[in-house]
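Colleague: Next come the chains, spelled out residue by residue.
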Amino acid sequence: MKSTILKDFLSETGDLTRFTMSFFREAFRPRYEFSEFLKQCYVIGNKTLPLVGITGFIMGLVITIQSHPSLKAFGAESWLPSVVSVSLVREIIPVITALICAGKIGSSIGAELGSMKVTEQIDAMEVSGTNPFKYLVVTRVFAATLILPILVVLSDAISLYGAYLGINLKQVVSFDLFTNQIFEKLTFSDVLPSIIKSYFFGFCIGIIGCFKGFYTINGTQGVGRSANSAVVTATFVVFIIDLMAAQIADIFQIT
Amino acid sequence: MKKESINKAKLGAFVLIGTTCLILGLYFIGSKKNIFHSTIDVSANFNNVGGLMEGNNVRFNGINVGTVSKVTAIADTLIKVDFTIDEESTKYINKYVVASIGTDGLLGNKLVNIAPGKKGNQPLKEGFVLHSINPVQMESGFRTLSASNENIKMITNDIKGITGKINSNNSILNLLTDKSLSDNIRNSAVNFRLANNNTAVITGNLSKIVQDIKSGRGSVGALLTDTLFSGKLNQTIVNIQAISDSVAIISGNFKTISKKLENGSIAIGTLLTDTSFIQNVNKSMENIKQGSRGFSENMEALKHSLIFKKYFKKLKKGPKPLE
Numbered sequence: 004m005k006s007t008i009l010k011d012f013l014s015e016t017g018d019l020t021r022f023t024m025s026f027f028r029e030a031f032r033p034r035y036e037f038s039e040f041l042k043q044c045y046v047i048g049n050k051t052l053p054l055v056g057i058t059g060f061i062m063g064l065v066i067t068i069q070s071h072p073s074l075k076a077f078g079a080e081s082w083l084p085s086v087v088s089v090s091l092v093r094e095i096i097p098v099i100t101a102l103i104c105a106g107k108i109g110s111s112i113g114a115e116l117g118s119m120k121v122t123e124q125i126d127a128m129e130v131s132g133t134n135p136f137k138y139l140v141v142t143r144v145f146a147a148t149l150i151l152p153i154l155v156v157l158s159d160a161i162s163l164y165g166a167y168l169g170i171n172l173k174q175v176v177s178f179d180l181f182t183n184q185i186f187e188k189l190t191f192s193d194v195l196p197s198i199i200k201s202y203f204f205g206f207c208i209g210i211i212g213c214f215k216g217f218y219t220i221n222g223t224q225g226v227g228r229s230a231n232s233a234v235v236t237a238t239f240v241v242f243i244i245d246l247m248a249a250q251i252a253d254i255f256q257i258t
Numbered sequence: 166m167k168k169e170s171i172n173k174a175k176l177g178a179f180v181l182i183g184t185t186c187l188i189l190g191l192y193f194i195g196s197k198k199n200i201f202h203s204t205i206d207v208s209a210n211f212n213n214v215g216g217l218m219e220g221n222n223v224r225f226n227g228i229n230v231g232t233v234s235k236v237t238a239i240a241d242t243l244i245k246v247d248f249t250i251d252e253e254s255t256k257y258i259n260k261y262v263v264a265s266i267g268t269d270g271l272l273g274n275k276l277v278n279i280a281p282g283k284k285g286n287q288p289l290k291e292g293f294v295l296h297s298i299n300p301v302q303m304e305s306g307f308r309t310l311s312a313s314n315e316n317i318k319m320i321t322n323d324i325k326g327i328t329g330k331i332n333s334n335n336s337i338l339n340l341l342t343d344k345s346l347s348d349n350i351r352n353s354a355v356n357f358r359l360a361n362n363n364t365a366v367i368t369g370n371l372s373k374i375v376q377d378i379k380s381g382r383g384s385v386g387a388l389l390t391d392t393l394f395s396g397k398l399n400q401t402i403v404n405i406q407a408i409s410d411s412v413a414i415i416s417g418n419f420k421t422i423s424k425k426l427e428n429g430s431i432a433i434g435t436l437l438t439d440t441s442f443i444q445n446v447n448k449s450m451e452n453i454k455q456g457s458r459g460f461s462e463n464m465e466a467l468k469h470s471l472i473f474k475k476y477f478k479k480l481k482k483g484p485k486p487l488e
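Respectively, the protein sequence lines represent chains A and B. Residue numbers 4 to 258, in my numbering, belong to the letters of the first sequence in order. Residue numbers 166 to 488, in my numbering, belong to the letters of the second sequence in order.
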């Protein structure tokens, strides 16, 4: 039983690796499905922004309200903008955004491609001369990879505004002072690693969603399973990538 | 088709806003780190930088003017700190400024403080090595503080003892707080003032007396200033001296007489010093007493005798009245 689980896991990892290599092989080879790419960007970016924005706003507000008593105990209330901005920009917003995208984008891609697979639309595309991998997978993975960092940046901005409101619930801090304090403490080593890891988050969410959908079996039941599996795997991989990013940042002293 | 173009526009707006946010954020961060300003690189050497790192702020009189760009050890006890300073700020910073390593607040990040040194017009130039003051080590500070605490402890103990003594019944404080003492002192002061006044009056009187004496007024003045009187006084003193000499001679004579009396060399001396003579005198006195008692008895017998009875009766009746 154990050996079966391990064998399945290794087999799936191998398939995913091969799938990823296929993506790189197809990605830079013409013909480019630019229109589909833009459509996927719109679906992944614009359609996800409200959810990500609200989540970011709430996170900024909540983190500020929760941090306030602890910092007040040390008489360091004036540090609240700096502390909250660093924690939001470095860690919380990229991970939260990635998790939301894993839930929304991963599941939608998995379900969409899965249903196309089980209804043999992918096979039909192949027959009609369209490269399904290029049309379905490359566009979605690229869209997820490129849009997720933008979502993270926008979510950062919204969450910092939430933090500003959260600070002004307990004390009076002008917007100028708030922005001065956060940009005083934030460094490139806070912002750039979080943006870079967002690309990896986006890529993994896209590729896992596509992989799960592209290899859906067992009919409509398999579509649901693929969607579910895409979310779970993508979420897990997001945390793995976050851990690796933290380790790499520590190794290169990007703190 | 129309919907698709709207979606594309929305996507464009989404991407543009996101990218703008990212660029603005990076710009603000960079401007805080003086990346987008023209800067000059200067350095300072310290024995100990106390945890200073690249990116820490550089402040001139409390204003952020730059950031630390590099911290390197150049000898076993020498650390070179390179930092960039905003060129715009350098017009107020001359080459005599002094760099020191401080802390932002009590527990904040390390930073380089630049303080004005000597006055001068030579501005800071690229590559200049600033004068530096080594940072105060917290450990040595705490060590000194510990010694100070011990001293304070001893001093407070001493003060405690002193205050205990001050508060005790035998202290001088009780005297100071005693109301009767203050009343007495006040009365004494009043008396003293009165005495002073009296003294002033007396002094005035004395002065007048002395003046009178000097000018020969009054009996004492007359005495002291009269030359005739002084001559008489001298004569009197001479006489007194002669009398005293005579007295001395007389007393010498008395002394001789008394010696002779003691020795019995003269008749009175013999009488006074001879004990048998005194016994004889006592015996004679006894005999006289006995003789007088016998005479008294005889006289009583005579009164009762027939011959003299009549005479005594007549004597008793007294003299016969004149007819």
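These are calculated hints, taken from the structure and not from any lab test. Some hints could be false.
[What the hints assert, rightly or not] Below, simulated EDC-like cross-link-like pairs (lysine to aspartate or glutamate); rule was C-alpha separation at most 16 Å, straight line:
hint	chain 1	residue 1	chain 2	residue 2
1	B	379	B	391
2	A	137	A	29
3	B	275	A	179
4	B	256	B	206
5	B	425	B	410
6	B	344	B	323
7	A	42	A	115
8	A	188	B	253
9	A	188	B	439
10	B	197	B	252
11	B	245	B	269
12	B	245	B	206
13	B	235	B	253
14	B	197	A	36
15	B	256	B	219
16	A	42	A	29
17	B	168	A	39
18	B	235	B	247
19	A	50	B	219
20	B	197	A	193
21	B	260	B	219
22	B	275	B	252
23	B	173	A	187
24	B	197	B	219
25	B	290	B	323
26	B	197	B	253
27	B	330	B	315
28	B	173	A	39
29	A	42	B	169
30	B	290	B	251
31	B	197	A	115
32	A	137	A	39
Being a predicted model, the structure only gives us computed values, none of them experimental.
Colleague: Which of the numbered hints are not met once you compare them with the structure shown?
Modeller: 3, 5, 6, 8, 9, 11, 13, 14, 15, 16, 19, 21, 22, 23, 25, 27 and 31
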